[in-house]
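Respectively, the protein sequence lines represent chains A and B.
The first sequence maps to residues 1 to 299 in this note's numbering.
The second sequence maps to residues 300 to 428 in this note's numbering.
Treat the hints as calculated values from the structure; they're not laboratory data.
Here are the simulated lysine-lysine pairs, BS3-like style, with alpha carbons at most 25 Å apart:
hint : chain 1 : residue 1 : chain 2 : residue 2
1    : A       : Lys265    : B       : Lys387
2    : B       : Lys395    : A       : Lys268
3    : A       : Lys220    : B       : Lys395
4    : A       : Lys129    : A       : Lys166
5    : A       : Lys166    : B       : Lys309
6    : A       : Lys6      : A       : Lys45
7    : A       : Lys220    : B       : Lys387
8    : A       : Lys208    : B       : Lys309
9    : A       : Lys202    : A       : Lys52
10   : B       : Lys395    : A       : Lys265
11   : A       : Lys91     : A       : Lys164
12   : A       : Lys129    : A       : Lys91
13   : A       : Lys63     : A       : Lys6
Single-letter residue listing:
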Amino acid sequence: MIEVKKVYKSFQNATVLSNIDLQIEKGSIFGLLGSNGAGKTTLLKLIAGLYKQDRGDILIDKKPVFENEDIKQRFIFLTDIPYFFPHYTIKQMANFYENIYPSFSRERFQTLQDVFDLDLKQKIYRLSKGVQRQVAFWLAFSAMPELLILDEPFDGLDPVMRKKMKNIIIQDVAAREMTVIVSSHNLQEVEDISDHIGILHKGELLIKRNLDDLKSNIHKVQIAFQGSVPSEMLQQLQIVYQEQRGSVHLFIVKGNADEFSSYIKSFKPLLFDLLPLTLEEIFIYEMGEKGYAIENILI
Amino acid sequence: MLDIDFRSRKPIYEQLVDQIKEMIVSGVLKGGEQLPSVRVLAQQLTVNPNTIQKAYRELERIGYIYSIQGKGNFVSEKIEASNQEELKMVKENLQKLAQQALFLGMQSDELLQIMEEIIKDHQGGKRDD
Chain A
1 MIEVKKVYKS FQNATVLSNI DLQIEKGSIF GLLGSNGAGK TTLLKLIAGL
51 YKQDRGDILI DKKPVFENED IKQRFIFLTD IPYFFPHYTI KQMANFYENI
101 YPSFSRERFQ TLQDVFDLDL KQKIYRLSKG VQRQVAFWLA FSAMPELLIL
151 DEPFDGLDPV MRKKMKNIII QDVAAREMTV IVSSHNLQEV EDISDHIGIL
201 HKGELLIKRN LDDLKSNIHK VQIAFQGSVP SEMLQQLQIV YQEQRGSVHL
251 FIVKGNADEF SSYIKSFKPL LFDLLPLTLE EIFIYEMGEK GYAIENILI
Chain B
300 MLDIDFRSRK PIYEQLVDQI KEMIVSGVLK GGEQLPSVRV LAQQLTVNPN
350 TIQKAYRELE RIGYIYSIQG KGNFVSEKIE ASNQEELKMV KENLQKLAQQ
400 ALFLGMQSDE LLQIMEEIIK DHQGGKRDD
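Could you put together the complete structure from these sequences and hints?
Now the structure itself:
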């Protein structure tokens, strides 16, 4: 289990992360979302023990991560720009990984060759960006880590490869309870595979929840009434956003859907539709509440 | 078999619950039949194993399946009608559809006839068992 307790981090005078509290259970896939510059990569680097926090604790299996070799050889951090030694071939790089990671499996490496279909004698720097990322995944999967930290992992991969990578991740989670932390701007990508989500904004963790709970707590409601919308009803509902399209009103409502829908129905609306939100919409509305609104910019 | 629409607004676990439910109701999955393990299904669908686990737990809660420790999940032989929540939802849907049918000009005897046929089929199916 990973525990982040009241963590602060600043670089020079700029505070990047403040008061981050987070727990990630073993065998869970945690999706880390956030606006640009929110501090996602910094948080990942702290969890990976590459940076040292100014205050607070970061524990993996109850032990501090920073400078802890024993823990570090049990996880892999796949950075947003994969790093390889200059002029190394895939084979040489695999040998290096085998030396560093006790859990590295030759067998797995060879099995995965069918997936990646690359020549082991190729120099990595000659490969394209997307293929280099594939190599990084190949090495990471072969090292059989207990924890896999992925920073924008699917950038540069084609749709077929994305699907394959996700599938292998899921197999490892199902088979050996690997824990995964994945950061991305691509909400759809995170939504597909995560069970828990954290939204980071300006160095603060706005939301950390089970994805299904998050989705069942906010809904899009379309209502039409004969005449105007009863103002009494509006006061009772926790409305985050509203819009009117002709006679149809669109509301984004927080709360338990069963409760508020029977409440709305008691006002006998002509039309009543309830839709769950996509993660993208949740992200936009949650951020909007914190003043990070989408505005149509006219130039 | 199961088909998850990742573009859908509906949470993945709800899609799983609904689809498995439908397969049980329509008889594609028979009483006592074993459901695929969480691991196998996760791999086949590329869906988070925790999500599949959650869907199985929900199906168990509403009585469609039961689990045996260490063996897996199985389709219930007889689905308990005691689940009022579930029944209420079906009733609401039925009402909505019937209203729609009448609005579109379906005659009331035609509607009744359809209902009767469904009831007859259901009872007939039972006698065959």
